[in-house]
Amino acid sequence: MPALTTTFRRLALASAAVLTLASANLSYAADAVRTIKIATAAESKPLSWGAIGVEPQGYEPDVLRAINAKLPQYKFVMEGAADIAQETGLVTGKYDIATGGYYKAPARSKQFLIPDSPIGASLMKIYSRKDSNINGMKDLVGKNIVPVTAGGGVYKFVMQWQQENPNDKVDIKASSAGIPYPDRLKEVQSGKYDALILPSNLGEQTVIDNQKLDIKASEPVSINNTYVLIHKSDENKVLSEDINKALQQLKADGTLDKLSQKWFGEDVVKYMK
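Counting the sequence shown from 1 gives a position; the numbering used here is that position plus 5.
What the hints contain is simulated information worked out from the structure, not anything from laboratory work.
Restraint-style ranges between C-beta atoms, simulated for each label pair:
1) S114 to N215: 35 to 43 Å
2) E48 to K267: 18 to 26 Å
3) N140 to Q165: 16 to 24 Å
4) K135 to V59: 30 to 38 Å
5) E60 to Q167: 35 to 43 Å
Computed list of lysine to aspartate or glutamate pairs in EDC-like fashion (alpha-carbon distance at most 16 Å, straight line):
6) K191 to D219
7) K42 to E240
8) K275 to D258
9) K256 to E271
10) K263 to D67
11) K143 to E169
No residue lacks a Cβ here, since even glycine has one placed at the ideal position from N, Cα and C.
Construct the complete structure from the given sequences, taking the supplied hints into account.
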């Protein structure tokens, strides 16, 4: 009997040791998952939208979820934020990541970590009435173009194009008025303006289709990759490398293509450089 008791005691101790070890491993695994705070664009449907307290929706949030599915060592937590709040929060470390159709630029490359693989592409297009002869930038000479945000991406693109094409004068005015682009499309439809220049990832085609506007979109007149911006720190260097690999896989397996078709109604992946 004593021998039997001793055997049971040994089994009990061994079981307890196994349970303790398993519990420790589970605790370690939970601790090993790093929470990544992400700021997404709050009002750029279908690229990304959803204010604080609202689950972000759109192309970029879906891509981020697909990235996270490939990187179980992280837990992505997203919230919508205004453009200024995004970059400020990224500089201070409030956010680890920011997405919002960002281009890669020398200043940003110095300030943030930017994976080599793009998350998408911004296709600059010209929107005009279907009965117009406007198909490219040179067709805008002498036309009345919708004013663009001073210092914004469209304004910089037009100024750069003008420098490269000094013999073709395109008259474009800068404005600080925040008139929604659906209203701008209606102004082109009504004849107030001849054309509107915008990146196509803002959902213009959805507005055109839903409101049955007699508006056409040109082929891209400028193409820019868009990137994930990451807070610059030693800890985030590995995060940047992991995201870069995940984006390569998502492009290769067709996920980026499927998501661009879902949200933009077109394949932007073929334009990614």
